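Undergrad: Under this note's numbering, the residues of the sequence shown are numbered 1 to 263, in order.
The list that follows gives simulated cross-link-like pairs (lysine-lysine, DSSO-like), each with its CA atoms no further than 27 Å apart:
{"hint": "1", "residue 1": "Lys93", "residue 2": "Lys44"}
{"hint": "2", "residue 1": "Lys32", "residue 2": "Lys93"}
{"hint": "3", "residue 1": "Lys164", "residue 2": "Lys128"}
Quick list of simulated restraints, FRET-style, between CB atoms:
{"hint": "4", "residue 1": "Glu159", "residue 2": "Ser205", "range": "15 to 25 Å"}
{"hint": "5", "residue 1": "Glu126", "residue 2": "Gly194", "range": "29 to 39 Å"}
{"hint": "6", "residue 1": "Ala139", "residue 2": "Ile19", "range": "47 to 57 Å"}
No lab work stands behind these hints: they were computed from the structure. Note that the structure is predicted; figures quoted are calculated from it, not measured. All C-beta atoms, glycine included, are put in the ideal place defined by N, C-alpha and C.
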Amino acid sequence: MTSTATTPAPSLDDVRRAIDGVDDAILELLKKRIALVDGVIAAKAGDTAPPATPLRPAREMMILKRLVARGSGLAPELLVRLWRGIISEATLKQGTVTIHVTRKLAQSMGHRLRIRDHFGRFAVEEWKDSAQAFMQVNASPADICIVETDSDWIEPFLEGKAGKAQVIATLPALKDADIPKLLVFGVTPMQSTGDDETLLISKGSLPRDFAVQPDWQLKSGAYRLSSLAGWYSEHESPLISLSRSNPGLGLRVAGRYASAIEV
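Can you make the complete structure from the sequences, with help from the hints?
TA: So, in structure tokens, the structure goes:
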């Protein structure tokens with residue numbers, strides 16, 4: 001009669017040593033990840049493009065979506081929070097970025113937490129209204145402005161207070177509602193990710209027979225916001241034909257950005 005020896009379960013100390021080893025390995029990889037930013041800085045050194053924020057929202061969202069897709073068994077919230085921290089630190093290594101918000105937005109603990117979770121240690125400055133916040137980004141293209149989607153930002157935007165800044169991202173990164181809570185305005189090289197949205201401002205509803213139906217719409221004073229799935233320009237089809245056939249709409253593209261992560 002043969003007996004089968006059983007392997008004793010590892011002790012708690014053994015498990016803790018293994019965890020410490022994994023933590024050390026993660027730390028070394030994190031150091032390498034941050035060190036690679038020097039290569040990014042060097043690659044951008046010869047860039048003759050106009051001044052812009054060091055943020056690259058399209059690239060950042062592609063990283064997050066790829067990792068969430070690969071992270072089977074791990075909570076998307078964990079992955080997004082971890083990598084947002086890494087991305088934010090890497091961005092700060094490239095240059096200072098200040099976030100400009102309205103005092104009203106800053107009074108919302110929920111919005112402040114969303115901004116902190118996404119941008120980490122970025123400095124935040126408060127202003128009386130969206131017009132003043134926009135003007136800071138116009139004066140300093142490295143900075144960004146964040147407004148509440150349903151706030152009164154449209155008039156100052158159309159008046160040119162934001163300069164060349166447009167909507168380059170939405171918050172939160174993980175979709176938790178049909179309409180994003182916050183819009184991020186900035187100046188950055190525009191890049192399609194293949195899963196994007198275009199935000200339109202109009203003076204009325206889009207025609208029901210328009211080729212691209214909005215994912216969501218929001219009425220704001222005399223204006224209406226419409227989000228179209230895809231990457232569109234007001235100077236190309238189908239928006240150019242929409243403007244020509246409906247001049248009263250006063251159509252304007254407010255920005256283009258990667259769609260939020262759906263889980």
